[in-house]
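First to last, the sequence lines map onto chains A and B. Per the numbering used here: the first sequence = residues 63 to 333. Per the numbering used here: the second sequence = residues 259 to 539.
Hints are not guaranteed to be accurate.
The calculated label-pair distances, taken between Cβ atoms and stated as ranges, are [as the list claims (entries may be wrong)]:
1. A:227 <-> B:306: 27 to 37 Å
2. A:174 <-> B:447: 19 to 29 Å
3. A:244 <-> B:295: 37 to 47 Å
4. B:389 <-> A:229: 51 to 61 Å
5. A:189 <-> B:434: 40 to 50 Å
6. A:190 <-> B:434: 42 to 52 Å
7. A:283 <-> B:453: 43 to 53 Å
8. A:174 <-> B:298: 22 to 32 Å
9. B:379 <-> A:134: 47 to 57 Å
10. A:227 <-> B:375: 19 to 29 Å
11. B:442 <-> A:63: 17 to 27 Å
12. B:442 <-> A:187: 27 to 37 Å
13. A:296 <-> B:447: 46 to 56 Å
Derived EDC-like pairs: lysine to aspartate or glutamate, alpha-carbon spacing no greater than 16 Å straight-line [said to hold, decoys possible]:
14. B:454 <-> A:65
15. B:454 <-> B:436
16. B:454 <-> A:156
17. A:247 <-> A:65
18. A:182 <-> A:163
Keep in mind the hints are simulated off the structure, nothing from the lab. Since this is a predicted model, take the numbers as computed values, not measurements. Using N, Cα and C, we set each Cβ at its ideal position, and we do this for glycine too.
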Amino acid sequence: MIELRSVSMTYRTRKKGSVTALADLNLTVEAGEFVALVRPSGCGKSTILKLVSGLLAPTSGEVQIDGRAVRGPRREMGFVFQTPVLLPWRTVRDNVLLPIEMLGLPVKAHAARADELLAKVGLGDFKKAQPWELSGGMQQRVGICRALVHDPDVLLMDEPFAALDAMTREALGIELLRIWEERRKMVLFVTHSIPEAVLLADRVVVMSPRPGRIAGVVPIDLPRPRHIEQEYDEGFKSAALTIRHLIEHGGPTLTPTPMAAGSGEARDGRR
Amino acid sequence: MVVSNADDVRIADAANNLGQTPDAEPRRSFPPSDTGRWLAPLVSFVLILALWQAVVVLLRLPRFILPPPLDVLTALVNNFPLLLRDTWVTMRETLLGFALSIVIAVPLAIGIASSATLRNGIYPFLLLGQSIPKQAIAPLLLLWIGYGEMPKILLAFLTAFFPIVVNTAIGLSMTPPEMRDLGRLLSASRWRVFSKVTFPSAMPYFFAGLKVAISLAIVGAVIGEFIGADQGLGQRIVVASGNQRTELAFAAILMLSLLGIVLFAAVSLAEKIICPWYGKD
Chain A
63 MIELRSVSMT
73 YRTRKKGSVT
83 ALADLNLTVE
93 AGEFVALVRP
103 SGCGKSTILK
113 LVSGLLAPTS
123 GEVQIDGRAV
133 RGPRREMGFV
143 FQTPVLLPWR
153 TVRDNVLLPI
163 EMLGLPVKAH
173 AARADELLAK
183 VGLGDFKKAQ
193 PWELSGGMQQ
203 RVGICRALVH
213 DPDVLLMDEP
223 FAALDAMTRE
233 ALGIELLRIW
243 EERRKMVLFV
253 THSIPEAVLL
263 ADRVVVMSPR
273 PGRIAGVVPI
283 DLPRPRHIEQ
293 EYDEGFKSAA
303 LTIRHLIEHG
313 GPTLTPTPMA
323 AGSGEARDGR
333 R
Chain B
259 MVVSNADDVR
269 IADAANNLGQ
279 TPDAEPRRSF
289 PPSDTGRWLA
299 PLVSFVLILA
309 LWQAVVVLLR
319 LPRFILPPPL
329 DVLTALVNNF
339 PLLLRDTWVT
349 MRETLLGFAL
359 SIVIAVPLAI
369 GIASSATLRN
379 GIYPFLLLGQ
389 SIPKQAIAPL
399 LLLWIGYGEM
409 PKILLAFLTA
419 FFPIVVNTAI
429 GLSMTPPEMR
439 DLGRLLSASR
449 WRVFSKVTFP
459 SAMPYFFAGL
469 KVAISLAIVG
479 AVIGEFIGAD
489 QGLGQRIVVA
499 SGNQRTELAF
509 AAILMLSLLG
519 IVLFAAVSLA
529 EKIICPWYGK
539 D
């Protein structure tokens with residue numbers, strides 16, 4: 063379980079003085095839960111992910127994982143970045159194995175694991191390819207495999223599909239879910255896309271900008287395993303609309319808004 | 259000439275189209291085919307030589323002012339063993355100076371890239387050193403170290419050194435921030451991140467520096483030979499000019515430019531072997 067307890071984050075910048083990126087934020091991710099963070103603007107976009115990963119320490123408040131306070135980077139953490147940032151001099155497989163090398167673990171013992179992950183995302187034939195020979199979508203698949211190779215218990219994803227075209231994006235989302243279903247990790251997924259958030263997540267947390275607060279939390283009760291056609295379900299549409307309203311009108315509130323209650327109706331409507 | 263060139267292009271195009279549908283029109287490719295790529299510079303080279311020969315003959319220039327290209331060629335052939343020995347000497351000085359500059363520049367660049375204190379401490383002196391024309395130091399080096407190989411090596415080193423430091427330092431600081439985060443996230447040691455990510459990603463920049471540096475190293479070595487030497491291409495040019503054997507000076511210059519091309523090509527080849535990924539993104 064990941065818990066952010068009244069977390070605030072203030073950056074000091076030379077030009078503007080201090081900027082409050084997050085103010086008194088409370089957020090919980092249950093074990094095995096997929097949570098999407100929808101953020102209307104880029105301000106302090108990845109701050110939450112960096113706080114959870116231990117790369118940043120909050121100005122006040124505390125981040126806990128499974129009851130233990132995060133005091134620095136933990137190894138049991140997978141990170142997928144907005145761009146794949148693969149190392150061009152390494153083969154696809156060696157890129158996936160990079161975290162193993164960084165951790166100082168035996169590389170040979172993990173090669174099978176890397177191959178297995180690559181096969182799962184349909185890159186079984188590209189193990190020995192160079193990154194530049196792959197399309198953007200394939201590169202990001204490699205990025206996901208790299209994040210998972212050391213079998214972390216938390217997966218942090220910072221707009222991982224933002225640079226991809228809409229079709230690839232949907233396909234990759236579904237693939238991600240397929241891998242995730244096998245070993246349910248806690249996932250924090252930052253995105254700008256409402257449909258993407260609804261399609262993937264158990265809960266969608268809508269953020270308000272400057273300073274970052276939670277505008278509302280929308281539970282997504284679509285059955286799993288998810289598939290793209292669910293985008294045309296009433297439940298999907300009403301959840302998306304609720305999120306849209308929270309982004310447009312939502313205030314800094316922690317209680318469920320009337321819109322969040324609307325998702326309950328949607329659940330009934332689906333049946 | 260022009261007609262045959264066009265024919266070559268068409269033949270090459272037809273060859274390229276072999277695998278395609280038979281009724282496809284042979285396209286005139288642009289940029290030109292492989293044949294055009296080497297034929298065009300060859301033609302212009304021959305034209306320039308012809309123009310040179312014509313100018314010398316028509317204007318009746320004395321040979322010690324501007325020797326015709328044929329004289330230069332004769333001088334090159336007749337003095338080839340001598341010129342080859344000079345080329346060897348200059349190449350040795352250049353390469354030793356170049357190697358010395360790599361050995362010193364790379365650790366310095368690593369220092370600059372990894373510590374702000376070192377950067378602030380070193381950079382001003384680097385810039386100061388770079389602002390001094392190397393020709394100005396050459397006589398002093400001769401005064402301090404004397405004749406022989408050493409002052410030439412040092413001059414080659416001094417001229418080649420700066421671009422390697424600057425480029426390598428830039429390359430080392432270009433590591434994607436995500437990669438730094440990944441290293442920190444996995445609590446990887448600084449050495450692991452450096453050896454697996456930072457250093458290899460700096461290689462293209464390092465080679466960009468080397469490409470500039472190798473040409474500059476030759477300049478440094480030649481300057482050293484100008485000031486005082488008893489062998490080497492630079493010294494050959496000075497002596498030949500002094501004796502009004504301009505055609506020999508030209509032949510030496512030709513060897514010098516060949517040396518430059520060969521060394522540059524060698525560095526480019528090393529780059530292709532060591533970072534084949536570069537430019538493929």
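We went through each hint and held it up to the structure:
At roughly 51 Å, the beta carbons of residue 227 (chain A) and residue 306 (chain B) sit outside the given window of 27 to 37 Å. In this structure the supplied range 19 to 29 Å holds for residue 174 (chain A) paired with residue 447 (chain B), their Cβ-Cβ distance being about 26 Å. Look at residue 244 (chain A) against residue 295 (chain B): about 54 Å separates their beta carbons, and that is not inside 37 to 47 Å. For the pair residue 389 (chain B) and residue 229 (chain A), the beta carbons lie near 56 Å from each other, so the given range of 51 to 61 Å is met.
Between residue 189 (chain A) and residue 434 (chain B), the C-beta spacing of about 23 Å breaks the proposed range 40 to 50 Å. Separation of residue 190 (chain A) from residue 434 (chain B) is about 23 Å and departs from the stated range, judged on CB atoms against 42 to 52 Å. In this structure the hint that residue 283 (chain A) and residue 453 (chain B) lie 43 to 53 Å apart at CB holds, the actual value being about 49 Å. Look at residue 174 (chain A) against residue 298 (chain B): about 54 Å separates their beta carbons, and that is not inside 22 to 32 Å.
For the pair residue 379 (chain B) and residue 134 (chain A), the beta carbons lie near 30 Å from each other, so the given range of 47 to 57 Å is not met. In this structure the supplied range 19 to 29 Å is violated for residue 227 (chain A) paired with residue 375 (chain B), their Cβ-Cβ distance being about 46 Å. Take residue 442 (chain B) and residue 63 (chain A): their Cβ atoms lie about 24 Å apart, and the range 17 to 27 Å holds. A hinted range of 27 to 37 Å for the beta carbons of residue 442 (chain B) and residue 187 (chain A) is consistent with their spacing of about 33 Å.
One distance hint, 46 to 56 Å for the beta-carbon pair residue 296 (chain A) and residue 447 (chain B), holds here, with the actual separation near 54 Å. Between residue 454 (chain B) and residue 65 (chain A) the alpha-carbon distance is near 34 Å, which puts this suggested pair outside the 16 Å criterion. Taken as a hint, the residue 454 (chain B) and residue 436 (chain B) pair is honoured in the structure, with Cα atoms around 14 Å apart against an allowance of 16 Å. Under the criterion of a C-alpha separation no larger than 16 Å, the hint pairing residue 454 (chain B) with residue 156 (chain A) is consistent with the structure, at around 11 Å.
A C-alpha spacing of about 15 Å is found between residue 247 (chain A) and residue 65 (chain A), which places the hinted pair at or below 16 Å, so the restraint holds. With a CA separation close to 22 Å, the supplied pair residue 182 (chain A) and residue 163 (chain A) exceeds the 16 Å bound.
In terms of the numbered hints stated before, the structure departs from hints 1, 3, 5, 6, 8, 9, 10, 14 and 18, listed from lowest to highest.
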